[in-house]
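Here are the chains, one letter per residue:
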Amino acid sequence: MLPITEGAPLRDRGNLRVKDAYLQGVLEGRNHLVFDGAMGSMLQAHGLAAGEIPELLCLSDPDAIRGIHQSYVDAGSQVVTTNTFGANERKLGDAATVDEVFEAAISCARASGARYVAADIGPTGALLEPMGTLPFDEAYELFRAQAVAAERFGADIVIIETMTDLLEAKAAVLAAKEHTSLPIFATMTFDETGRTFLGTDPVTAATTLCALGVQAVGVNCSLGPQALQPVVADILSVATCPVIVQANAGMPQVRDGQTVYSTTPDDYVAAVRPMIEAGAAIVGGCCGTTPDYIARIARELEGRAPAPRSVKPACTITSAQRTVTLRGREIAVIGERINPTGRKKLREALIAGDLEMAVGDAIAQAEAGADVLDVNAGLPDIDEASTLRALTGKIQAACTLPLQIDSTDPRALEAAVRSYAGKPLVNSVNGAQETLQAVLPIVKHYGCAVVGLTLDEDGIPPSAEERLAIAERIVAAADAHGIPRHDVLIDCLALSTATNQRETLQILDAIALVKQRLGVRTVLGVSNISFGLPARPVVNATFLAGALAAGLDMPIMNPLEPRYREVVDAWRVLNAQDEAGGNFIARYATYNAALPDAGTAPTPGSGAAPGADEAGASLYNLVVAGNKGPVPAAVERMLQDTDAMQVIDEHLIPALDEVGARFEAGTFFLPQLMASAEAAKAGFDVLRRGDGQAQDGKGSIVLATVKGDIHDIGKNIVKMLLENYGYHVIDLGRDVDAQDIVDAARAHDCKLVGLSALMTTTVKHMEETIRALHEQAPDVQVMVGGAVLTEAYARSIGADFYAKDAAEGARFAGEVLR
Amino acid sequence: MESAAQTTPSLHIDRSQALHFLGHQGQDVSDALVERVERMCAHCERVSQPRWLYRIFPIEHGQHGVLVQGTTIVLEGSDIAAHLDGARSCAIMAATCGLANERELQRLANSGGVDALLFDAAGSALAEAAADACNAQIVEEAHALGLHANWRYGPGYGDLPLDVQPAIIRVLGADKYAGLTATDANLLVPAKSITAIVGLFDEPQDSHRSCNSCSFSDFCNLKKAGTPCYR
Chain A
63 MLPITEGAPL RDRGNLRVKD AYLQGVLEGR NHLVFDGAMG SMLQAHGLAA
113 GEIPELLCLS DPDAIRGIHQ SYVDAGSQVV TTNTFGANER KLGDAATVDE
163 VFEAAISCAR ASGARYVAAD IGPTGALLEP MGTLPFDEAY ELFRAQAVAA
213 ERFGADIVII ETMTDLLEAK AAVLAAKEHT SLPIFATMTF DETGRTFLGT
263 DPVTAATTLC ALGVQAVGVN CSLGPQALQP VVADILSVAT CPVIVQANAG
313 MPQVRDGQTV YSTTPDDYVA AVRPMIEAGA AIVGGCCGTT PDYIARIARE
363 LEGRAPAPRS VKPACTITSA QRTVTLRGRE IAVIGERINP TGRKKLREAL
413 IAGDLEMAVG DAIAQAEAGA DVLDVNAGLP DIDEASTLRA LTGKIQAACT
463 LPLQIDSTDP RALEAAVRSY AGKPLVNSVN GAQETLQAVL PIVKHYGCAV
513 VGLTLDEDGI PPSAEERLAI AERIVAAADA HGIPRHDVLI DCLALSTATN
563 QRETLQILDA IALVKQRLGV RTVLGVSNIS FGLPARPVVN ATFLAGALAA
613 GLDMPIMNPL EPRYREVVDA WRVLNAQDEA GGNFIARYAT YNAALPDAGT
663 APTPGSGAAP GADEAGASLY NLVVAGNKGP VPAAVERMLQ DTDAMQVIDE
713 HLIPALDEVG ARFEAGTFFL PQLMASAEAA KAGFDVLRRG DGQAQDGKGS
763 IVLATVKGDI HDIGKNIVKM LLENYGYHVI DLGRDVDAQD IVDAARAHDC
813 KLVGLSALMT TTVKHMEETI RALHEQAPDV QVMVGGAVLT EAYARSIGAD
863 FYAKDAAEGA RFAGEVLR
Chain B
-6 MESAAQTTPS LHIDRSQALH FLGHQGQDVS DALVERVERM CAHCERVSQP
44 RWLYRIFPIE HGQHGVLVQG TTIVLEGSDI AAHLDGARSC AIMAATCGLA
94 NERELQRLAN SGGVDALLFD AAGSALAEAA ADACNAQIVE EAHALGLHAN
144 WRYGPGYGDL PLDVQPAIIR VLGADKYAGL TATDANLLVP AKSITAIVGL
194 FDEPQDSHRS CNSCSFSDFC NLKKAGTPCY R
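Just so you know, the protein sequences line up as chains A and B, in that order. For the first sequence, this note's numbering assigns the number 63 to the initial residue and increments by one for each residue that follows. For the second sequence, this note's numbering assigns the number -6 to the initial residue and increments by one for each residue that follows.
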């Protein structure tokens, strides 16, 4: 259920419940706040067995927990943190309910007499999709139960801490934001590389969490305070709310069976002092810190007010691993390729539920130098919301660039930005009241940046002044929704100069006006300008240069087109973004004025073209040798006097058969089989480009790694081989439910399903899946493979065929789908 | 009582072990393939952040398995009982190539092909190297205590169930200090991770493992070829 577009009840964060005036002062940056130190280390000192669920002590030994809180309050903690770090349904299991633990824990904390009680929410303990197997929505539900309990039983603050996954942190923040009125503090933990285990840097963490609207942001656990200096400095440089520091007392070491920490209370305070002087306002401790540390911190902060900070507002967009920041006149390129409009193949792929082509487009654009990627799944015949969300997740797994989520459907926008790891750019709103009312609440709630198009109910006005007027309306509406000006970008909309020649310079004037008058950034889709003209790249590149000069910040363009890239690269020298032109010189030192055409294959080398026979022999040898590089050229040469089917049947397939035979005989091993498959694929790719029908004619096969299993390399090998033999493979991935496999087999009318399982413990899911397939799709045959299977065992669980390796799988496919 | 994960930037992937994991049994390997293996091993060394941690606990053989004292861990099954028969204590260990390795593994798997295969094998070899480094520290600490270590025995091996994984992670704090998690099916993420139990004895032990109690023993290709997965 999406809170905004589907009307689910949403808390008004304007009615934040702040316990008293002092805490209000903390949130406004006027007061310091002293947190407490470690709970876990204290419990272990009390004799907690390793591996025990420490939160259960709130129920079984509340006096001990209250005693620990009490010792922190006596030392000077203004806030105590409840013993609920791992008190989620997943970790507690049957031992206790979330409500029971939170009620007891908050009552222990309250009984200590602490001024404020912060309800602790730690990570779920499982890794979220796509890296792990926990779906975003399930993580959200775990956090929701905790947040609701926190407020119900009387906590004053929710503290989300020790997060390493930005998306998991976002799920927790959304749960607290959507179901409570409590102030939300959020901290992440960074390792010695300065990033979290999942690769999030401090600037990205703070930027994203602040945009989501937390009341305080910072770092906990991680390293000792000395090692955290640069992390805290980065957070202070971007955080628009108070900054929290809760370091470890150095790194724990076991000495003579006892855990000891290297940093003394005096060292700790000495290391934290410069952070306080730089503006850190909320200070406590994490692992290894005790009331002694807190007493020193409390003394340090006594009678002081937080040091003033000034954070320069900047336009930022983030992924989980990267922040794109526009400073001064710097520019950033938005790659436009992932958009089915005008791209037949991408459209067909998306309709078929195949997201891999789009992922390939993402990687290619990233490699070509894009800074942000536009993602659009706007097709009439699909569920755009679920497709856009799935596509966004899939691209984020493969590529670290921040994304621009592009849709006219508010429901699709919300579905995608909700589970997006980072702060996305939403494309778009326009001057029509309807879209402003529908989309701006999404932008605000999920902490996005937004593109506003200068059009409204009456269309696109011709003049610069009229476009400015619409931009003013958009900016005013954003202001009214509490969206900061630096998160608004205006698109002045390029129209074809062939039909609207008189307006073209108005577009450039509008860019300059919007920037001057409104102080916002601008984006612009460049390619429309040349519609209807020949030599479109030339027109586009010229217009792009003009737009950059007028002040355009983010062109939306095809980064694979060399002419546009040249303009961008050169501009970055002229605007001093490419300092001393280092990148430009590196790339263009051997510049050849003759432009290669985008998208055409490299031409074969000089010398007499070999005859078809010679090319055929060499193609066969190249595939057998697994030498992919020269294959496309060899296929191109053959196509001059051979048809595509002949290339496949007389050269590629015989080569693959030979490789299969060598693999069978043990003269080839797996990487050689795969290198040949890769080389053959390079050949098939050329043939596909040619007439588009040379392949995929032999039938469809569903492949999946069964529920519970996450080892999918074997399945991926089978997939590559099957595709080479001309089958259309529907790859459902890993950890796949039996019913999803049945549904896919029926939807694609498949006669063959391939299942893999690597663990003895997951073979039972394989058996269940086979049973479900045989019951619901009786004409489907099932082949199975995986390290723990044998022929006999495969038969006993009802499989029709056991493939001991990928080559056998391909052979069986040939029998079933002949 | 948790301890920080250990790490070292100099952990090296044994190329021949990586080839071995790929099923190499003496086939001719072209220079191009050797170069590719080298490239992906180097890439794996560069992107991975191997970490390991361990703790030593006294043990007691109980009715339902081996009780690891001072923890919630009960090691069930006759094979682990045999592995720890006569042991005074045991080391519980975890080693991982880290989430950066997992991310790259999944990214490459997406594009398929040889690089994914080679990176996967390189990761397996790197996880072994991290486990070896951890094991060496255990042996060293055992020596200081006047004890002798046997080989490392992992959950899922023999009849030691995988469902002990979450407890191992909790006891070591491996989630917090090494980014290690278990799925609902008790598989480790990052996939290139190893958890194990090493017995510590008064008398010197055979420090090598064998195929005898491995559940893959009946159909393992490496065993068949006379080149088992351990050294």
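One thing to keep in mind: the hints can contain errors.
[As the list claims (entries may be wrong)] Heads up, simulated DSBU-like pairs for lysine-lysine below, C-alpha to C-alpha not over 35 Å straight-line: (1) K406/A with K217/B; (2) K217/B with K456/A; (3) K407/A with K826/A; (4) K81/A with K217/B; (5) K826/A with K217/B; (6) K407/A with K374/A; (7) K866/A with K760/A; (8) K406/A with K216/B.
Think of the hints as simulated: they come from the structure by calculation, not from any bench.
Evaluated hints:
1. Annotation: proposed proximity of K406/A to K217/B is violated, straight-line Cα distance about 51 Å (limit 35 Å).
2. Annotation: proposed proximity of K217/B to K456/A is violated, straight-line Cα distance about 39 Å (limit 35 Å).
3. Proposed proximity of K407/A and K826/A is contradicted: the alpha carbons are some 39 Å apart, above 35 Å.
4. For a cut-off of 35 Å, the pair hint linking K81/A to K217/B is broken: about 70 Å separates their Cα positions.
5. For a cut-off of 35 Å, the pair hint linking K826/A to K217/B stands: about 26 Å separates their Cα positions.
6. Restraint check for K407/A and K374/A: not satisfied, since their Cα atoms lie roughly 44 Å apart, outside the 35 Å limit.
7. At most 35 Å may separate the alpha-carbon atoms for a hinted pair to count; K866/A and K760/A meet this at roughly 23 Å.
8. For the given pair, K406/A sits about 51 Å from K216/B by alpha-carbon distance, which is inconsistent with the 35 Å threshold.
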